[in-house]
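The chain contents come next:
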Amino acid sequence: MIELIQRRRGLIAGIIAIILFGMWASTQYEPRVLASILLSGLTLGALYFLVTSGLSLIFGLMDVLNFAHGTLFMIGAYIGFTLYANPRLLLNTLPFGLALVAGWILARWLPANSLPSGHRRPLWVAAVLVGLFAIWNFELAPLATTALSSGGRVPTEQAQAPTPIFIARALGLAVAGVIAGAAFLAGREHTRRPERRDLIVPIILLALALLIAPLRLTLEEWLLSLDSNTRFLLALLIGAGGGAALGGLMEWSLIRPLYSRPIYQVLVTLGLVFVGTELVKGVWGPGGYFMELPAWFSQRGPNCPSPNLIAWLQDNCASIDVLGRPFPSYRIFIIALGILMFVGIAVLLRYTRLGMIIRAGVQDGEMVQALGINVRRVFTLVFALGAGLAALGGVAAAPFLGISPGLGQEFQLQAFIAVVIGGMGSFTGAAIGSLLVGLARAFGDQIVLTGIQLPWMSEAMTFSPSIARASTVLIMALVLLLRPAGLFGKKE
Amino acid sequence: MNEVLLEVDTIHTFIGQFHILEGVSLKVRAGSITALLGRNGAGKTTTLRSIMGLNPPRSGSIRLGGEAINGRPAYEIAYLGVGYVPEHRAIFRDLTVEENLRLAERKRGDLARRSDFIMSLFPDLKRFYRHPGGKLSGGQQQMLAIARALVPDNRLLLIDEPSEGLAPIIVEQIVAALRQMATETTILLVEQNFALAAQLADEYYILDDGRSVQHGRMADLTRDHATIDKYLGAG
Amino acid sequence: MRERLKSSQWAGLGLIGGLVIFPFVIALLTGQPVDAGVPKFWQGMLIQVFILAVFAMSYDILMGYTGILSFGHALFFGTGAYTVGILLKHAGWDLGAALLAVIVIALVQSLIIGLLSLRVSGVYFAMVTLAFAQMAFLLAEATDFRQWTGAEDGLQSIPVPAWISPTNERLRFYYVTLGFTIVMYLLARQVVNSPTGKVMMAIRDNETRAKVLGYHALTFKLIAITVSGIMAALAGAFNALWNLNANPAVLGVGTTINALLMTIIGGVGSLIGPMLGAGVIQLLGYWLNVFFGPSWPLLFGIIYILIVLFLPYGIIGTWRLRGASWMALWRKRLQELRARL
Numbered sequence: 115m116i117e118l119i120q121r122r123r124g125l126i127a128g129i130i131a132i133i134l135f136g137m138w139a140s141t142q143y144e145p146r147v148l149a150s151i152l153l154s155g156l157t158l159g160a161l162y163f164l165v166t167s168g169l170s171l172i173f174g175l176m177d178v179l180n181f182a183h184g185t186l187f188m189i190g191a192y193i194g195f196t197l198y199a200n201p202r203l204l205l206n207t208l209p210f211g212l213a214l215v216a217g218w219i220l221a222r223w224l225p226a227n228s229l230p231s232g233h234r235r236p237l238w239v240a241a242v243l244v245g246l247f248a249i250w251n252f253e254l255a256p257l258a259t260t261a262l263s264s265g266g267r268v269p270t271e272q273a274q275a276p277t278p279i280f281i282a283r284a285l286g287l288a289v290a291g292v293i294a295g296a297a298f299l300a301g302r303e304h305t306r307r308p309e310r311r312d313l314i315v316p317i318i319l320l321a322l323a324l325l326i327a328p329l330r331l332t333l334e335e336w337l338l339s340l341d342s343n344t345r346f347l348l349a350l351l352i353g354a355g356g357g358a359a360l361g362g363l364m365e366w367s368l369i370r371p372l373y374s375r376p377i378y379q380v381l382v383t384l385g386l387v388f389v390g391t392e393l394v395k396g397v398w399g400p401g402g403y404f405m406e407l408p409a410w411f412s413q414r415g416p417n418c419p420s421p422n423l424i425a426w427l428q429d430n431c432a433s434i435d436v437l438g439r440p441f442p443s444y445r446i447f448i449i450a451l452g453i454l455m456f457v458g459i460a461v462l463l464r465y466t467r468l469g470m471i472i473r474a475g476v477q478d479g480e481m482v483q484a485l486g487i488n489v490r491r492v493f494t495l496v497f498a499l500g501a502g503l504a505a506l507g508g509v510a511a512a513p514f515l516g517i518s519p520g521l522g523q524e525f526q527l528q529a530f531i532a533v534v535i536g537g538m539g540s541f542t543g544a545a546i547g548s549l550l551v552g553l554a555r556a557f558g559d560q561i562v563l564t565g566i567q568l569p570w571m572s573e574a575m576t577f578s579p580s581i582a583r584a585s586t587v588l589i590m591a592l593v594l595l596l597r598p599a600g601l602f603g604k605k606e
Numbered sequence: 099m100n101e102v103l104l105e106v107d108t109i110h111t112f113i114g115q116f117h118i119l120e121g122v123s124l125k126v127r128a129g130s131i132t133a134l135l136g137r138n139g140a141g142k143t144t145t146l147r148s149i150m151g152l153n154p155p156r157s158g159s160i161r162l163g164g165e166a167i168n169g170r171p172a173y174e175i176a177y178l179g180v181g182y183v184p185e186h187r188a189i190f191r192d193l194t195v196e197e198n199l200r201l202a203e204r205k206r207g208d209l210a211r212r213s214d215f216i217m218s219l220f221p222d223l224k225r226f227y228r229h230p231g232g233k234l235s236g237g238q239q240q241m242l243a244i245a246r247a248l249v250p251d252n253r254l255l256l257i258d259e260p261s262e263g264l265a266p267i268i269v270e271q272i273v274a275a276l277r278q279m280a281t282e283t284t285i286l287l288v289e290q291n292f293a294l295a296a297q298l299a300d301e302y303y304i305l306d307d308g309r310s311v312q313h314g315r316m317a318d319l320t321r322d323h324a325t326i327d328k329y330l331g332a333g
Numbered sequence: 045m046r047e048r049l050k051s052s053q054w055a056g057l058g059l060i061g062g063l064v065i066f067p068f069v070i071a072l073l074t075g076q077p078v079d080a081g082v083p084k085f086w087q088g089m090l091i092q093v094f095i096l097a098v099f100a101m102s103y104d105i106l107m108g109y110t111g112i113l114s115f116g117h118a119l120f121f122g123t124g125a126y127t128v129g130i131l132l133k134h135a136g137w138d139l140g141a142a143l144l145a146v147i148v149i150a151l152v153q154s155l156i157i158g159l160l161s162l163r164v165s166g167v168y169f170a171m172v173t174l175a176f177a178q179m180a181f182l183l184a185e186a187t188d189f190r191q192w193t194g195a196e197d198g199l200q201s202i203p204v205p206a207w208i209s210p211t212n213e214r215l216r217f218y219y220v221t222l223g224f225t226i227v228m229y230l231l232a233r234q235v236v237n238s239p240t241g242k243v244m245m246a247i248r249d250n251e252t253r254a255k256v257l258g259y260h261a262l263t264f265k266l267i268a269i270t271v272s273g274i275m276a277a278l279a280g281a282f283n284a285l286w287n288l289n290a291n292p293a294v295l296g297v298g299t300t301i302n303a304l305l306m307t308i309i310g311g312v313g314s315l316i317g318p319m320l321g322a323g324v325i326q327l328l329g330y331w332l333n334v335f336f337g338p339s340w341p342l343l344f345g346i347i348y349i350l351i352v353l354f355l356p357y358g359i360i361g362t363w364r365l366r367g368a369s370w371m372a373l374w375r376k377r378l379q380e381l382r383a384r385l
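The listed protein sequences correspond, in order, to chains A, B and C.
Quick note: to get this note's numbering, add 114 to the position in the first sequence (first position is 1).
Quick note: to get this note's numbering, add 98 to the position in the second sequence (first position is 1).
Quick note: to get this note's numbering, add 44 to the position in the third sequence (first position is 1).
Derived from the structure by calculation, the hints contain no laboratory data.
Ideal placement from N, C-alpha and C gives every residue a C-beta, glycine not left out.
Be a bit skeptical, because a hint or two may be false.
What the hints assert, rightly or not - Residues of chain A placed beyond 10 Å of chain B at every Cβ, according to the derived structure:
#1 V476
#2 A484
#3 I581
To be verified - Output of the computed footprint for chain C on chain A, the stretches with three or more beta carbons under 8 Å from beta carbons of chain C:
#4 367-375
#5 390-399
#6 533-544
#7 585-597
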């Protein structure tokens, strides 16, 4: 028992501090105010958790601290928002990506060993040149910004390339993909033989690309004619999927070559923060967007706010009554999403083979490899999974916080603080840390709203929200002083 | 004489900038136990790791059943039927015994098929089937590490120091298990305890300073005290 | 006892001499007066190079010499900028006192940050320092301190003393910054060549061994952070003087990335490398800006990633690795050419 107390003293101190804080807070605020602060804290905590869980999984398994995780969150928000409000941008770029990948896979059919390694560099250059030529003068900005000028709805076809040119561009990119694939394979000794799926998959992708091309407008109208709830679910799905794809690509292309130089991995991810932010500014413009709430969370009427969750299922009110105070129903959804993901990841880690590999890989990746498991592929998968979680968080946050290129940095900061508090590489730690930071932020926001009045003050001191955001760093400093490994971290 | 299963031909392996193996050659015959002997730091573990693809050799060749495997990633080498039991009982401490074994499955059903054989060799594992590996005793962890290599059908087992730091009674159990295993597979064994190696192995290779210096039949070596003194020190 | 100067020292003196006469050379070449037009513009370019060179050098004392990866270096730079700005603009201090205050504040700040952050190591340290810098960034943007910091607009029109006004007395500002850079370089060289510097490098190479040898690693890391922090703060102060303003961006991630980029491009683990990197980046940034306009930060980021991937040792490092063989190759080719002629 005593040993247990000693081992877990950081955690126990944390719990005691929370209880003391809770007692103070319950004397300070009346229950209904307290309830809505707590729910706000849970909302933020759920969003932070979506960022920290991936961050922590990736760090635990492959020792990579991904500084671009917040950027993936932000990009996820943009992708989801784009699908929700302006699918034109996605429909006009997706075929390009599909064609490129199709070409890349088709390159496997090139005769093996016909490409000496000396050809690698010229081939890469050729691939880049062909690719650039294919998308020469293709402008993204008009496709992206129409949403802003027309209040979320896109009028009709202006700013779209004519179909023949569009198809030509896609085919050009497929050719670039083939050349790049050849460059990738040049001079490699152990390449696997092409299988049938190496033919079927690219043909499907290419067919999809060529099919989307003439149907862009129809598809767009169809998507926009869907009801907002379906679009919202699609946005969550596509945002998370897009984020996962980006994450996987990032691991495969930039992180994987650098496993022998860990510091440089971190440097690359920091660079990606910069590139990602600038890219988003370039495509969507430096300003922010506001994403409408789907119908499920935006009804107003005589029955609103809904008296309870069951009633909300019927009337879909924008807010739900919590102890006599309305609380936005969308935030309840975010909390539910956070809990769902927590349970989902816990189940994945505990009961699936992938989870088993992850838990084993955290301890000894080399031995997992020696058992016949391709750890590198698992790394890519987990990176994609973490990125997808962050991107999902981004889409979920969009209707609640709005979208701007700076969104990622704010979440990155709070996620880092949560991770330091919870302990790096610990899944439970990530959850608890996120929760604590979320609650701290919620109380901070409340204090910003009402000001703080200490006994000797004649009037309340007020703050700006920036101070509430910055103040969580103080909690981090405190944890660093008391328990550098974090509440759940293992001492090294 | 049986055919040669594993053939290592003058491999040179570097760890960082250090030249660890400076030309190791050896042949392992199918169905035999071959012992790899030598002092601490002679390069025995690195040889196993080179074969496994964990420290790929910079030059030289490694063939398994005639097929070149050097330069391939470790997981592919494992798939060709090579099992690895590392030193220091590198089991997964946070995973249960069952999960440790299940992780070693290469196709569904491996464990179910082999479970009885494994449990007959190491009854202890059955008792602690759902306990985390980290909670097992040292000997049980070693058994688990060996058992893990028995789950798939391996043609070749690379076993590094199975008796290290274990009580004699446990060692006996492990020796018995290794004998049993040798009836159906091939073993390349690194062992510090010469008496034990002599008891088990059919053939031996001696490494010194990263080179293979001598090999032959184990029965001949036990009588050759000069060689034992020269290369294996006072033991 | 007088020692003969080594060739590298001659090169250094030559470079300094060149930089001293540089404004007049440009004036002579363009036929324009030394305090206007093209000469004035290029003095401005070099002033920025000098300031960034000190900043990058300070970063390399941490990263290259002590092996500490900090992602919060903007904190020191920005604090220096804001300190000098606030003291000149709102407190009416004179420049000397303000710079002294910058040093004192940087000292205290780096000690506090160091003591807190050094409780963790490696990438954790990077993460924690980034959090501290982001906090400062948020505070600089906070509207609560608008009367002091100008919130998101930053401190505008800092009253720089007339005698070194970067607009009216550009040439004098040029020489002052040049002098500042030389002094900082000499100081940094003194530090890294001292026994203290040797211990720092021992910690970088193998911390456990340094500890076994009896060195208190934390103390030496703190020294490194303090020296580096003060240098960065002074560079930030000069940056504020040069721009006549300080805005939240000097505390942002971009500033830290800039330091990293200059250090890596020039070469980690040397003092000259980062300074060279500062020159390259400043000129590159200028040209990218001219050619690509508003999208240049994107290109900048892509170049950074490419350099991290393909040129990890930087200019100086690659030269040290390959220089001898390149020189030999060239000599051989020259000889062949001569033989053929």
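Hints and how they fare:
Non-interface call for V476(A) relative to chain B: violated, since the shortest CB-CB distance, roughly 8 Å, does not exceed 10 Å. With 10 Å as the threshold on Cβ separation, the claim that A484(A) sits away from chain B is violated: the shortest Cβ distance comes to roughly 4 Å. Once the 10 Å rule is applied to beta carbons, I581(A) is consistent with being away from chain B; the minimum gap is 41 Å. Coverage of the segment 367-375 of chain A by chain C holds in this model, with 4 residues showing a Cβ closer than 8 Å to a Cβ of that chain against a need of three.
Requiring three or more residues with a Cβ within less than 8 Å of a Cβ of chain C, the coverage given for the segment 390-399 of chain A holds, as 3 such residues are present. Against chain C, the segment 533-544 of chain A contributes 3 residues with a C-beta closer than 8 Å to a partner C-beta. That satisfies the three-residue criterion, and the hint holds. Evaluation of the coverage hint for the segment 585-597 of chain A: fulfilled, as 5 residues show C-beta separations to chain C shorter than 8 Å, against a requirement of three.
In this structure, the hints that do not hold are numbers 1, 2, in rising order.
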